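Number of protein chains: 2
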Amino acid sequence: MSIKNDLLLRTLAGEKTARPPVWMMRQAGRYLPGFMKLKEKYPFFERVQNPELATEITVMPLKEVGVDAAILFSDILVIPQALEVEVQMVPGKGPLVPQPIRSAEQVAALPEVDAADRLHYVMDAVRSTVKAIEGEVPLIGFAGSPWTILCYMVEGQGSKTFDQAKAFCFSQPQAAHQLLQKITDVTIDYLKAKQAAGCDVIQLFDSWGGLLSPEDYRHYSLPYLKQIAEALAPNTPVILFAKGCWYALEEMTALPVKALGVDWTITPQMAREFTQFQVPLQGNFDPARLLSPIPEIEKMTRQMIQDFGPYKYIANLGHGILPNIPVDHARAFVNTVKSFDR
Amino acid sequence: MSIKNDLLLRTLAGEKTARPPVWMMRQAGRYLPGFMKLKEKYPFFERVQNPELATEITVMPLKEVGVDAAILFSDILVIPQALEVEVQMVPGKGPLVPQPIRSAEQVAALPEVDAADRLHYVMDAVRSTVKAIEGEVPLIGFAGSPWTILCYMVEGQGSKTFDQAKAFCFSQPQAAHQLLQKITDVTIDYLKAKQAAGCDVIQLFDSWGGLLSPEDYRHYSLPYLKQIAEALAPNTPVILFAKGCWYALEEMTALPVKALGVDWTITPQMAREFTQFQVPLQGNFDPARLLSPIPEIEKMTRQMIQDFGPYKYIANLGHGILPNIPVDHARAFVNTVKSFDR
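Line by line, the protein sequences give chains A and B.
When you line the first sequence up against the numbering used here, it's residues 1 to 342, in that order.
When you line the second sequence up against the numbering used here, it's residues 1001 to 1342, in that order.
These are calculated hints, taken from the structure and not from any lab test.
Just so it is clear, the structure is predicted and the values come from calculations on it, not from any experiment.
Some hints here could point you the wrong way.
Claimed, not checked - Listed next, the in silico BS3-like pairs over lysine-lysine satisfying Cα-Cα at most 27 Å (straight line): (1) A:299 with A:338; (2) B:1160 with A:93; (3) B:1093 with A:160; (4) B:1160 with B:1039; (5) B:1063 with A:160; (6) B:1299 with B:1063; (7) B:1016 with B:1041; (8) B:1063 with B:1037; (9) A:160 with B:1160; (10) B:1039 with A:39; (11) A:93 with B:1093; (12) A:37 with A:131.
Claimed, not checked - Pairwise CB distance ranges (calculated): (13) A:112 with B:1218: 49 to 55 Å; (14) A:112 with B:1293: 28 to 34 Å; (15) B:1323 with A:132: 34 to 40 Å; (16) B:1178 with A:103: 51 to 57 Å; (17) A:338 with B:1042: 55 to 61 Å; (18) B:1324 with A:92: 51 to 57 Å; (19) A:44 with B:1218: 35 to 41 Å; (20) B:1178 with A:295: 42 to 48 Å; (21) B:1323 with A:327: 50 to 56 Å; (22) A:174 with B:1278: 41 to 47 Å; (23) B:1034 with A:235: 57 to 63 Å.
We put the CB at the ideal spot given by N, CA and C, even for glycine.
Same shape as in the complex, but just chain A (with noise of 0.2 Å):
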């Protein structure tokens, strides 16, 4: 099926467009008030499982605030259930994992499985999503880099600094590659089968990248983030976002990847310098910036894309859209990049 507004695979792909295209991180999440209502109603892994829930809400800011792309609302979280590993969503608290993987003994038991047939639901939901979109815009399907799923399997939560799963990784290296590997065999899977189900872009996020050393970055991220690529590469094209990883853009350019997501940390300036224009850069609007008064957010949009400028771009924010944006701030970052005149 032919997508009517192409923006965003035609940056992908190296073109230059009339303008930049532009979604958000997190775009059909909580600062919606169509979202929130169906929060009230279903519980966080409800809404993930059932594919008409997830569908309503993917397609929901596509007519809010008028993105250019859908992403799938899921969870990078799905994996380490498809692994068997029990995580649970605690309202007002984030994930949890009851049972944490701390030894070699536990990532050896973790079963063989078939990711594409534990996950079928998100498989309907992509199906099911391709068709409520009706070839208007590309669909983004995702998943999270292996040693920022990795954290919330060793840490058990969410942490500032996931101390636990640092240490399972420096103490006991041997188990925590085992561990990596396995998530980004059953990870590959899973986007196999996402693609196949009719993702058009695949992103991956690397969340919690931005707590290694460069070092530690080149051996416990980079190496299984190269695996997902090239696994995917020949068939649809991938973003990568590591967050606080400026020190990695270098390495990263080097990827099969056709875009580079990048936080608000680091200047467009810096983030051309450090990736030469060799790949489309993705970000960067602090999403607490979405707070400021809208003549101040035309401004400061305007500002970034000229930053970036001129090509090889796509409009989004550094990180996930906050729940406490009103949708009309939202609103204003989207068709100022709309009404970006080149």
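Given the coordinates of chain A, work out where chain B should sit on it, guided by the hints.
Just chain B, lined up with the frame of chain A:
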């Protein structure tokens, strides 16, 4: 009083020393069995406010791990307390400000205070510690950066992202700057009193600077750090550690500080490139890496010194030591630096 082990002071003065000085952020803390005993007996702020306890805790790591400097056991949140903003320390949870600052009215209502008087117990602890150290090593006093203090005063608790604090700055910038200025004024008085009481070095912690964009850092943090550094510089060497602020290293080099701390997400080589050897650097061993086997700690520590080398360098961690670090691992880190042969 002249100080026997003056490696840190000479390094801060720009002199070449036989080996780099070494100390560890949070060295007087939860990884020490002696500290844990006191922690069981006395609540957090009692340990801070009782000069005898603060002294006992401050000198502990001198005997236990043999560092080249003492850093006063205290807390950055004594500043809001001086401003009559209640701060509790909730065991297992961290700081809590029951009535966080959210409005211009609340900022305006903060009292004019004599910080040295309000925080007299800190000066008592400094004097008591100076006596206890008997001129063996220098004593470091510290404060949080105004931006970091604002984060806690506005957010009301610890956070990964301090969204409320940023929301306050970006939606009420005038009130935010008034608050930052009030914190700055009190901090300057407080640190001058600490100088007068006997601190040989002052370290400023900008723990949450890395949450800001380079542009916002230039507005919400740097100007206030500059005021503090300028006020203290004539009398005491200042070390500035701004976690996650690699992007501001070049600008920080222009401040009247005698050293800049860096975390482990920047390579020593990059940190030298940004600062051009104009100022001594301090850091940057990943605290979680102290969980590696001892031979690996020794190897990585030697590599770190070589990479920062050869002079203008203070060996330290890239952030505070973790509670679960075995004391002999901390000792291995310190001893490796002390036995380093240029």
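Results for each hint:
Taken as a hint, the residue 299 of chain A and residue 338 of chain A pair is honoured in the structure, with Cα atoms around 14 Å apart against an allowance of 27 Å. A hinted pair counts as satisfied when its Cα atoms are at most 27 Å apart, and residue 1160 of chain B with residue 93 of chain A qualifies at roughly 12 Å. For the hint pairing residue 1093 of chain B with residue 160 of chain A, the CA-to-CA distance comes to about 12 Å; that is within 27 Å, so the pair holds. This hinted pair checks out: residue 1160 of chain B and residue 1039 of chain B have alpha carbons roughly 25 Å apart, not beyond 27 Å.
A threshold of 27 Å between alpha carbons decides the hint, and for residue 1063 of chain B with residue 160 of chain A the separation of about 31 Å lies outside it, so the pair is violated. Using a Cα cut-off of 27 Å, the hinted pair residue 1299 of chain B and residue 1063 of chain B holds, with the two alpha carbons roughly 24 Å apart. For a cut-off of 27 Å, the pair hint linking residue 1016 of chain B to residue 1041 of chain B is broken: about 44 Å separates their Cα positions. Distance hint between residue 1063 of chain B and residue 1037 of chain B is fulfilled; the C-alpha atoms sit about 16 Å from each other, no more than 27 Å.
For the suggested pair residue 160 of chain A and residue 1160 of chain B, the alpha carbons sit about 6 Å apart, so the restraint of at most 27 Å is met. A C-alpha spacing of about 42 Å is found between residue 1039 of chain B and residue 39 of chain A, which places the hinted pair above 27 Å, so the restraint is violated. In summary, the hint linking residue 93 of chain A to residue 1093 of chain B is supported, as the alpha carbons are separated by about 13 Å, within the 27 Å threshold. Distance check on the hinted pair: residue 37 of chain A and residue 131 of chain A sit about 23 Å apart at the alpha-carbon level, within 27 Å; holds.
Taking the beta carbon of each, residue 112 of chain A and residue 1218 of chain B are about 52 Å apart, inside 49 to 55 Å as hinted. Distance hint check for residue 112 of chain A and residue 1293 of chain B: the Cβ-Cβ separation is about 31 Å, which falls inside the suggested range of 28 to 34 Å. In this structure the supplied range 34 to 40 Å is violated for residue 1323 of chain B paired with residue 132 of chain A, their Cβ-Cβ distance being about 49 Å. Taking the beta carbon of each, residue 1178 of chain B and residue 103 of chain A are about 53 Å apart, inside 51 to 57 Å as hinted.
A hinted range of 55 to 61 Å holds for the C-beta pair residue 338 of chain A and residue 1042 of chain B, which are about 59 Å apart. Between residue 1324 of chain B and residue 92 of chain A, the C-beta spacing of about 27 Å breaks the proposed range 51 to 57 Å. Our hint of 35 to 41 Å for residue 44 of chain A and residue 1218 of chain B holds, since their Cβ atoms are close to 39 Å apart. A hinted range of 42 to 48 Å for the beta carbons of residue 1178 of chain B and residue 295 of chain A is inconsistent with their spacing of about 22 Å.
The supplied range of 50 to 56 Å is broken by residue 1323 of chain B and residue 327 of chain A, whose beta-carbon atoms lie about 42 Å from each other. Checked against the hint of 41 to 47 Å, the pair residue 174 of chain A and residue 1278 of chain B passes, with Cβ atoms roughly 43 Å apart. For the pair residue 1034 of chain B and residue 235 of chain A, the supplied restraint of 57 to 63 Å holds, since their beta-carbon distance comes to about 60 Å.
The structure is inconsistent with the numbered hints 5, 7, 10, 15, 18, 20, 21, although it conforms to all the rest.
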